[in-house]
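Q: One-letter residues, chain by chain:
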Amino acid sequence: MKKGFGVAFMLFLVTAGTVLFHVFSPWWWTPLASNWGYIDDTIILTFWITGVVFVAVLGFTAYCVLRFSYQEGRRSEYKPENKKVEWWLTGLTSLGVVGMLTPGLFVWNEFVSVPKDAAVIEVMGQQWQWSYRLPGKDGVLGTTDVRQVNDKNPFGINMKDPKGRDDVLISGEDLHLPLDKPVKVLLRSLDVLHDFYVPQFRAKMDMVPGVVTYFWFTPTRTGTFDALCFELCGVGHYAMRSKVVVEKEGAYQAWLKKQQTFAQSLRAAEKQSGAESKVASAQGSGNAAGGGSPPLVTGR
Amino acid sequence: MADIVPTAAEDIPSAEVAEVDLYHAKSWWTKYVFSQDAKVIAVQYSCTAIAIGLVALVLSWLMRLQLGFPESFSFIDASDYYQFITMHGMIMVIYLLTALFLGGFGNYLIPLMVGARDMVFPYVNMLSFWVYLLAVVVLVASFFVPGGPTGAGWTLYPPQAILSGTPGSEYGIILMLVSLALFIIGFTMGGLNYVVTVLQARTRGMTLMRMPLTVWGIFVATILALLAFPALFVGAVMMLFDRILGSSFFMPAIVVMGEQLSYSGGSPILFQHLFWFFGHPEVYIVALPAFGIVSDLLSVHARRHIFGYRMMVWAIVIIGALSFVVWAHHMYVSGMNPWFGFFFATTTLIIAVPTALKVYNWTLTLWRANIQLTLPMLFALAFIVTFVNGGITGLFLGNVVVDVPLSDTMFVVAHFHMVMGVAPLLVIFGAIYHWYPLMTGRMLDEKMGKFHFWVTFIGTYTIFLPLHYLGILGVPRRYFEMGDTSFIPDSAQDLNAFITVAALIVGFAQLVFLYNLFRSLRHGKISERNPWKAASLEWQTAAYPPGHGNFGEHLPVVYRWAYDYGVPGAPDDFIPQNVPNNAVAESHAEAPSAADDAEAPRT
Ligand code: HEM
Ligand SMILES: [Cu+2]
Ligand SMILES: [Cu+2]
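Chains as they are written, first to last, in the numbering used here: chain A, 1 to 300; chain B, 301 to 903.
Incorrect hints may have been included.
What the hints assert, rightly or not - To give a feel for the contact side, a few chain B residues facing chain A, derived at Cβ under 7 Å:
#1 Gly465
#2 Ala553
#3 Gln672
#4 Lys825
Said to hold, decoys possible - List of simulated lysine-lysine pairs, BS3-like, C-alpha gap at most 25 Å:
#5 B/Lys833 x B/Lys747
#6 A/Lys79 x B/Lys833
#7 A/Lys3 x B/Lys750
Hints were generated in silico from the structure; no laboratory data involved. Ideal Cβ positions, reconstructed from N, Cα and C, are used throughout, including at glycine.
Given these sequences and hints, build the entire structure.
A: Shown next, in the form of structure tokens:
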């Protein structure tokens, strides 16, 4: 057997094995459930371009090992440079890079350009749970301020902002979304970094305390999807779960009707604390929370 | 004669290189412990780095046990797991790889390869090691403080890193930040030495464009480190202030578990910029020395000059420069202004071009060569495989929109392990097999070496290749356990168990390697002089292994580049760098130091 055969064979095996593993891997992405098929396409394109390079480079290496392994007395070729080869390789590589980057940037441009008609919703992260806020009848989310977060106002909705009163609040339950309607997801965190991700949607963005971030997508398939936290946020990170239910418009509206608004939740809290304080003492502190008072006019 | 010596066209500059006064050790203590000899410091650095690296290795077993067999190990809970990944990642990247490449190989090889007697500031060089050791001690101490080491992830992102929801937020994080600051101080002392030695202490005839690529790689990596580490340093100090003094550099107004904290106005993303302004160049701080060393391993053991030397040098320099304008590719989904994505994706993919050229030139070095399948050559070949694999997946993550679904998944973990974990480690192993004879005068055992090689190469490849596909599926990184997740099939758990078994086997092979290192010190085959017949200066010393002061009475004079292998017409298939034109026709295979004392009287 020729010297170098064993090593060349192993290199060949690793190369071929990698390709075969890629082709036959039972682990592959989840079926798409959003408009971001372009991202999948870009990944496939990248696999093709880089796959060809992978096979070519490693195939060439294996060939060299086989063909040029040591022979006593033989001299290697002395040819320190070959401008032509080097320029060709530079050119071809640049071409491959442009071939991946151009579609990539094109799709990124889509990703950061939110359609005008996208519905706005908010996902809020805190250690270690998700909550959701939908604009109420007025179609606008009220402004928020972390400093206003308390038991009665877990979202920190600005008490003086009338637009916040009709916001629909969902805590500790699944988020529902209507099918085929683009949504702009505003992301907010009360404490540390989090990241709301549903693999079937392909789109994600960190939520950062102090600022509001966003991404957008259009759900294109009905179903219930697992949402996971994708940014380390402390010991409970792995258990920060929720679900997103995508359903037809009718079912969505029925679900939406059952949800509580901020104003309703304040009233409920009021009633409860009122009941509590009556039991506890005779002293009235009814309007201290300001929950029942009519909102003042505010600017944004 | 001229046709025999293609690279020896120019004259040697006549200016004498002034010799520095060598420090001479007076006692056992100053010779072996508080030594100022770069070679001893190199060994000290390497042993410390390998020792702490073993801790990181053991942590990886524990993590793999948890991932492979969740709920089977009651002694690993979620806090432990997060502490393990954090310490594992930080130790591997900083305290093992950076310290070993720069403090270890840099100290040993730079003076020998450029023809200097020692580093230019030996005393500072010594201090560098001791401060590094202190940094390691502080790091290790964090395992023993109440609350344990920090579990914030090796990226230490605030606010989480200093809040109570993260393990080790009481003392662990403080010790981690202090240790990093110490490491940077220690590194700066060494780093200044490496740079100044390369610039000022090269022997006569050793022009920059005649330096071995090993020196180029370490040199440029050190410059990167000197420019990048300060960003981490200020980040660490600012976070310490936030944690201890209650300042708000990185802390906005937040509510933790229903409680309003007194921070306000800071920016968590600012820390990420500081971290990655350091963190991305850090990748190249590890990669460039590996690039350089592997070039030399390939050339020596393939008995052929490196192909496209000038292109290789420029590629190192260009990659180094570009590595400062790509950092935010780690932050595509961080919530920074998304428009930055266009810029950083473009710069990131541009880096791929010089990087790919380096890969081509390595393989073209093998073309029409005379390849000896020695252990260093095997490791170099394995490096090419893993580096190509890991480099390719970098093109996925760098292309901003592709990063969106893949970020923070196991794909990322697989990518960086392949490209900056396994690939550089393979080079380190190859380099140890290559230079061990120079350091000790003995060869490492070949049989154990072969075992070590095949298990490590095939093993790490089987660990990390399938991991990419779990990432594509959507398995997140930094998850203590997956629990029930509808999109993850049971087969993923079987794969995880398989990977864990592979990781344990690979771990075992490293113990064999360690045993080989120790055993061969006494029982290894005695190495002949210059056993690989290498042309670079470190093998042409008067004493073998080189003694204090490196060279004999006279410093060598350099007449050619480090890659005169297979020169047509020469009697041997290599011509050492210090062989003058008129001596080329003689054989140098037997007495590599023949030309050593011919020139350059010592002043
Ligand atoms: C065979 C050896 C190794 C094994 C089995 C291994 C295994 C692991 C595992 C299981 C994780 C945690 C994944 C997660 O849950 O997110 C991890 C994280 C990491 N490893 Fe390794 N590793 C190895 C070698 C290395 C090396 C050589 C490096 C040097 C670059 C390295 C650097 C890291 C880093 C930076 C992290 C990320 C830590 C974090 O998420 O904060 N590892 N490794
Ligand atoms: Cu999280
Ligand atoms: Cu980077």
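Q: If a hint holds in the structure, say so; if it does not, say that too.
A: Taking the hints in turn, this is what the structure says about them:
1. Proximity of B/Gly465 to chain A holds as hinted, the smallest CB-CB distance being about 3 Å (cut-off 7 Å).
2. A hinted interface residue such as B/Ala553 counts as satisfied when its beta carbon comes closer than 7 Å to some beta carbon of chain A; here the least separation is about 5 Å, so the hint holds.
3. The interface hint given for B/Gln672 is met, as the beta carbon of that residue sits about 5 Å from the closest beta carbon of chain A, less than 7 Å.
4. Annotation: interface hint on B/Lys825 violated; nearest CB of chain A at approximately 20 Å, more than 7 Å.
5. For the proposed pair B/Lys833 and B/Lys747, the alpha carbon gap of about 21 Å is at most 25 Å, so the pair holds.
6. A threshold of 25 Å between alpha carbons decides the hint, and for A/Lys79 with B/Lys833 the separation of about 20 Å falls inside it, so the pair holds.
7. The straight-line distance between the Cα atoms of A/Lys3 and B/Lys750 is roughly 16 Å, inside the 25 Å bound, and the hint therefore holds.
Comparing the model with each earlier hint shows a violation of hint 4 alone; every other hint is respected.
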